[in-house]
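In the order they appear, the protein sequences are chains F and C. Numbered per our numbering, the first sequence spans residues 1 to 319. Numbered per our numbering, the second sequence spans residues 320 to 580.
Hints are not guaranteed to be accurate.
What the hints assert, rightly or not - Far from chain F, by Cβ distances over 10 Å, these chain C residues were calculated:
id, residue
1, Thr375
2, Arg402
3, Ala409
4, Ser473
5, Lys516
6, Thr524
7, Gly531
To be verified - Have a look at the derived ranges for each label pair, beta carbon to beta carbon:
id, chain 1, residue 1, chain 2, residue 2, range
8, F, Ala159, C, Gly342, 26 to 34 Å
9, F, Lys286, C, Lys429, 52 to 60 Å
10, C, Ala547, F, Thr166, 40 to 48 Å
11, F, Ala318, C, Tyr508, 46 to 54 Å
12, C, Arg552, F, Lys286, 17 to 25 Å
13, F, Ser2, C, Leu557, 45 to 53 Å
14, F, Asp109, C, Ser526, 18 to 26 Å
These are calculated hints, taken from the structure and not from any lab test. Since this is a predicted model, take the numbers as computed values, not measurements. Glycine residues also receive a C-beta, built at the ideal position from the N, C-alpha and C atoms.
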Amino acid sequence: MSGILVFAESEAGAFKKTTFELLGKAVELGLALDQRVYAAVLGDAPAASLGGYGASKVFQVAGSFGAYSTLAVTAGLAAAMKASGASVLLAAASYAGKDALPRLAARLDAGHAPDITDLRVEGGALVGRRPVYSGKAFVDVRISSGTAIYTVRPNSFPAIAAVGGTAEVIAVTAEAGGKDVEVLNTRAPDTEIADLTEAVRIVSGGRGVKDQASYDSLIRPLAAVLGATPGASRAAVDAGFAPHSHQVGQTGKTVNPQLYIATGISGAIQHLAGMRTSKVIVAINKDPEAPIFEYATYGIVDDLFAVVPALTEEFKKAL
Amino acid sequence: MKIAACVKITPATDSRISILADGTGIDASGIKWIISPYDQVAIEQAVLLAEANKGTEVVIVTVGDDNAVAQLRAGALAVGGDRAVLVQDAALANSDNLGVAKALAAVLKKEAVDLAFFGKVAVDDDASQVPGMAAELLGWPQVSSASKFELAGSGFTAVRAVGGGMEQEVRGSFPVVITADRDLAVPRYAKLPQIMKAKKKKVDTLSLSDLGLSAGDVAPKVAVSSYALPPSREKVTLLGGSAQEAAAELVRRLRDEAKVL
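Sequences and hints are given; from them, build the entire structure.
Written out as structure tokens, the structure is:
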């Protein structure tokens with residue numbers, strides 16, 4: 001058994017950005033470990049095209065994966081693992097990654113390292129690095145079982161660029177087995193904005209935003225002009241400025257964007273825990289003593305009600 | 320009906336985490352321990368169902384050590400849990416989440432529960448692994464990150480967030496594993512009479528052998544080491560001038576210096 005299999009997650013027939021992040025890392029690890037790189041595709045998606053992103057073979061599981069099913073994803077990936085003979089599986093820490101991959105690990109009796117933010121080779125073996133205590137600490141994880149599963153936090157690795165070419169596609173069949181819950185209906189999000197956990201840019205508002213009207217008239221437009229996902233601190237959610245689905249922090253979403261703009265957020269430890277791995281952090285707060293400035297890359301000590309509209313205008317000009 | 324709420328004892332979310340000098344773990348001195356917040360939501364949902372359906376028992380299940388007993392009484396039995404099961408074994412202290420899932424699955428099977436609630440994530444290792452692993456070992460379906468749960472006929476309906484802002488309404492039958500998102504229920508505060516009553520509630524301690532498991536069954540496949548604080552960030556660059564000037568300078572720096580636009 002050898003080979004690195006990437007779960008090439010797709011949505012409405014198109015591969016998600018995380019697929020290219022994982023393939024990039026898999027190609028790098030494949031070179032270091034002298035292992036081949038494969039991809040697993042569930043349902044309809046342009047499987048052969050993944051050859052242009054480093055996959056030497058693609059294992060495509062037939063079936064309908066439109067409405068999410070834990071057991072279908074688990075069985076599909078188990079079948080792809082078996083068909084490919086891979087000993088390592090890389091997947092994104094998406095909903096499927098958090099829901100079905102632990103289940104797959106138990107089915108394959110495999111070690112599973114979740115929410116990895118870095119993966120390296122040390123002495124011929126893989127070592128993952130991951131945040132714990134919501135980013136307040138980091139640990140190394142090493143898997144000793146013959147089969148190893150790593151789920152990777154989105155935006156952890158750069159996406160691989162296409163080099164052209166196609167891969168051989170091998171059709172795989174999977175029996176879901178077991179009785180899953182029945183999906184009665186799926187409600188699409190109100191807007192086309194990205195999920196916080198996978199967002200590349202986030203604009204968050206805190207208590208300093210004062211009320212929901214200001215959140216809607218300041219934070220949302222700034223996010224919109226940047227193509228960012230709006231977020232909020234716990235204080236802002238508790239005060240009703242934004243729904244809980246927008247909450248960033250230890251009891252909300254853990255995020256890992258390229259750019260995180262915190263407006264009117266003091267930086268409570270629970271909030272920092274959810275966003276501190278962001279690449280660039282911008283803090284806008286009129287209190288120069290706010291803890292958020294200790295973690296920010298850029299800071300503006302001023303009234304957000306003056307800065308945010310100016311910033312929205314500047315981004316409009318620049319983008 | 321018999322309902323389990325599976326919980327984990329974790330540091331309180333406002334704890335400052337410091338690392339032991341040799342990097343083998345966190346410094347536990349001065350840490351305030353709690354039942355992980357999402358597990359507290361799981362307990363509340365189980366208790367609400369029990370209150371609405373006479374004859375329902377709520378069993379709280381955890382893997383831990385002697386210190387867990389105080390948390391189980393204060394955070395679980397004082398808010399409506401009927402009794403608790405603590406799985407305590409030296410082999411589990413050095414196991415991984417698959418080992419913990421094996422122990423919990425064995426308890427759920429032994430107790431013959433209809434329904435097991437877990438929190439969607441524990442706020443220490445942030446892994447979200449144990450519920451799905453336990454469900455697989457039991458051969459039960461699972462519903463992760465449920466924001467709504469209701470009994471319906473001889474089964475249930477639930478709403479889960481499946482990523483990308485999508486929500487699914489699902490229907491299923493028992494037994495099942497459900498993991499609680501924050502919106503599922505609002506945990507209550509314990510009242511003094513219940514706190515007193517909780518002191519008399521039963522907490523059974525089981526070893527792995529009581530569950531028909533051996534140390535080998537829970538031998539870890541995942542080793543964790545090299546605890547460290549997050550890499551320190553460079554000092555903040557403060558941008559001054561008027562709001563207009565600061566905004567313009569920020570956009571320039573994000574584009575030319577940080578290259579994130």
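* Asked: Can the suggested window of 45 to 53 Å be confirmed for the beta-carbon pair Ser2/F and Leu557/C?
  -> 52 Å, holds
* Does the claim that Gly531/C lies outside the interface with chain F hold up, using a Cβ gap greater than 10 Å? -> 17 Å, holds
* Given as non-interface: Lys516/C, which should sit over 10 Å from chain F by C-beta -> The claim holds: Lys516/C sits with its nearest Cβ about 28 Å from chain F, beyond 10 Å.
* Since Arg402/C was said not to touch the interface, does its Cβ keep a gap of more than 10 Å from each Cβ of chain F? -> 27 Å, holds
* Against chain F, does Ala409/C hold up as non-interface, every C-beta pair farther apart than 10 Å? => 19 Å, holds
* Minimum Cβ separation between Thr524/C and chain F greater than 10 Å? -> 25 Å, holds
* Given the range 52 to 60 Å, decide if the beta-carbon distance of Lys286/F to Lys429/C lies inside it. => 58 Å, holds
* To do: Determine whether the non-interface label on Thr375/C survives the test: each CB of chain F must be over 10 Å from its CB.
  => 21 Å, holds
* Asked: Quick one: are Arg552/C and Lys286/F within 17 to 25 Å, going by C-beta?
  -> This hint holds: roughly 22 Å between Cβ atoms.
* Can we confirm that no CB of chain F comes within 10 Å of the CB of Ser473/C? -> Correct as stated: the minimum Cβ-Cβ distance to chain F is 14 Å, above 10 Å.
* Note whether the CB distance of Ala547/C and Thr166/F lies within 40 to 48 Å or breaks it. => At 43 Å between Cβs, range holds.
* Asked: Is the hinted range of 18 to 26 Å satisfied by the C-beta distance from Asp109/F to Ser526/C?
  -> 23 Å, holds
Hint violations for this structure: none, all hints satisfied.
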